[in-house]
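Dock the two chains into a complex; use the hints.
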Amino acid sequence: DAGVIQSPRHEVTEMGQEVTLRCKPISGHNSLFWYRQTMMRGLELLIYFNNNVPIDDSGMPEDRFSAKMPNASFSTLKIQPSEPRDSAVYFCASKGRTTYEQYFGPGTRLTVT
Amino acid sequence: GQQLNQSPQSMFIQEGEDVSMNCTSSSIFNTWLWYKQDPGEGPVLLIALYKAGELTSNGRLTAQFGITRKDSFLNISASIPSDVGIYFCAGQLPPVQNFNKFYFGSGTKLNVKP
Chain P
1 DAGVIQSPRH EVTEMGQEVT LRCKPISGHN SLFWYRQTMM RGLELLIYFN NNVPIDDSGM
61 PEDRFSAKMP NASFSTLKIQ PSEPRDSAVY FCASKGRTTY EQYFGPGTRL TVT
Chain A
1001 GQQLNQSPQS MFIQEGEDVS MNCTSSSIFN TWLWYKQDPG EGPVLLIALY KAGELTSNGR
1061 LTAQFGITRK DSFLNISASI PSDVGIYFCA GQLPPVQNFN KFYFGSGTKL NVKP
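Here the protein sequences come in this chain order: P and A. Sequential numbering from 1 applies to the first sequence in the numbering used here. Sequential numbering from 1001 applies to the second sequence in the numbering used here.
The following block holds chain A by itself, in its conformation from the complex (with noise of 0.2 Å):
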């Protein structure tokens, strides 16, 4: 099957600190997700690409879809407490090949010290 490389597997900053995130694949996608994941809770969804290149931001989140169509970034200004989580990446295939199936990368965990 697909695999996207997800990294860093873990990150720990301090409160304000900017962070970066990625994850690449041998494959060219056609859609890119950011996921978050809280404790005992499910991956709720933060950002959606859908065009090589494309830059989209949701609050404090930035997510790119990068030029190749191999990889996407995540970077998160000014982290807060609250940021704290598991963050997935989850690529699609074009329709040609997989209509609705994402490939989900093993996540960054991020830690926030207060």
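Next up, chain P with everything else stripped away, as it sits in the complex (with noise of 0.2 Å):
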């Protein structure tokens, strides 16, 4: 069974870019997290999704961060303009209806220069 798929695995990207992360769920799960690791703040919670809305985006750190989900199967995480504090790995995990185990993707390494 496909794990929960993230793109692109890596990216490098100069400040004021737009970048954009895309995240794939497990086929079935019905909510979608995403989290953002760095060596000083750990694991965060930027955002969940249930049934493709959002619920609880208290941890978008400002209004440069935006994510949405348009379909069951498929969301973004947008940083618009980045900037070299949003140098970070950035995890996407899903959840099935019936369980409140989070599974995660292998992440997307940004580096904004």
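Just so you know, these hints were derived from the structure itself, not from any lab. Just so you know, not all the hints are guaranteed correct.
[What the hints assert, rightly or not] When the alpha-carbon atoms are kept at most 30 Å apart in a straight line, the in silico DSBU-like pairs for lysine-lysine are as follows:
id: 1; chain 1: P; residue 1: K68; chain 2: P; residue 2: K78
id: 2; chain 1: A; residue 1: K1070; chain 2: A; residue 2: K1051
id: 3; chain 1: A; residue 1: K1101; chain 2: P; residue 2: K68
id: 4; chain 1: A; residue 1: K1101; chain 2: P; residue 2: K24
id: 5; chain 1: A; residue 1: K1101; chain 2: P; residue 2: K78
Written out as structure tokens, the structure is:
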């Protein structure tokens, strides 16, 4: 079975550029989570969706960050404009309807220069 | 926000030794999850705990949901080199407060010397 799929795996961009990270959750899962991982702050929840609807975006750092989930099999996290302090590993995770267990993707390592 | 205190931060052990790590919180949690993260990869779910006092094993790994519901423990018996990685606990507040939201500990970095 395919797990959570994220793309790209690595992204290097210059400050000010727009960055789009993509996620395909596990088929049949109805909740999707975006996390950011840094050495300083560990794993932080940015936003999560339930049945494609954003439920809690209190972790989104600022207006430069936005996330969408147009359908049950696809989500994007966009940063516009990007800044060096956005450099981190961004993870997507998904969860099924009848469980609390979240399954993580391999992550996207973002470097903003 | 909620804080999970995970300890120890890092461990250096000899192959074959047993390992213990724990997470504590000032809040009561409904669910505890334990993950392992290898370098360059996403966290992989090891064990899920749903009831206070629950003890669950997965091979050489055993995790417990503390009776107070404010802590959880992970033990690894007879460690091997492939146990190397970072172990995270994650706790979920009762549903009335936060339906899907998990709070993650800062991780325990395990090093195993062959």
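> Holds or violated: A:K1101 with P:K24, Cα cutoff 30 Å?
Replying inline: Status holds; Cα separation ~20 Å.
>> With the threshold set at 30 Å, check whether the alpha-carbon distance from P:K68 to P:K78 stays at or below it.
In response: holds, 8 Å
> If you draw a straight line from the CA of A:K1070 to the CA of A:K1051, is it 30 Å or shorter?
Replying inline: The hint holds at about 12 Å.
>> For a C-alpha distance cap of 30 Å, please report whether A:K1101 and P:K78 respect it.
In response: holds, 21 Å
> Under the criterion that the straight-line Cα-Cα distance not exceed 30 Å, is the pair A:K1101, P:K68 satisfied?
Replying inline: The hint holds at about 18 Å.
Of the numbered hints listed earlier, not one is contradicted by the structure.
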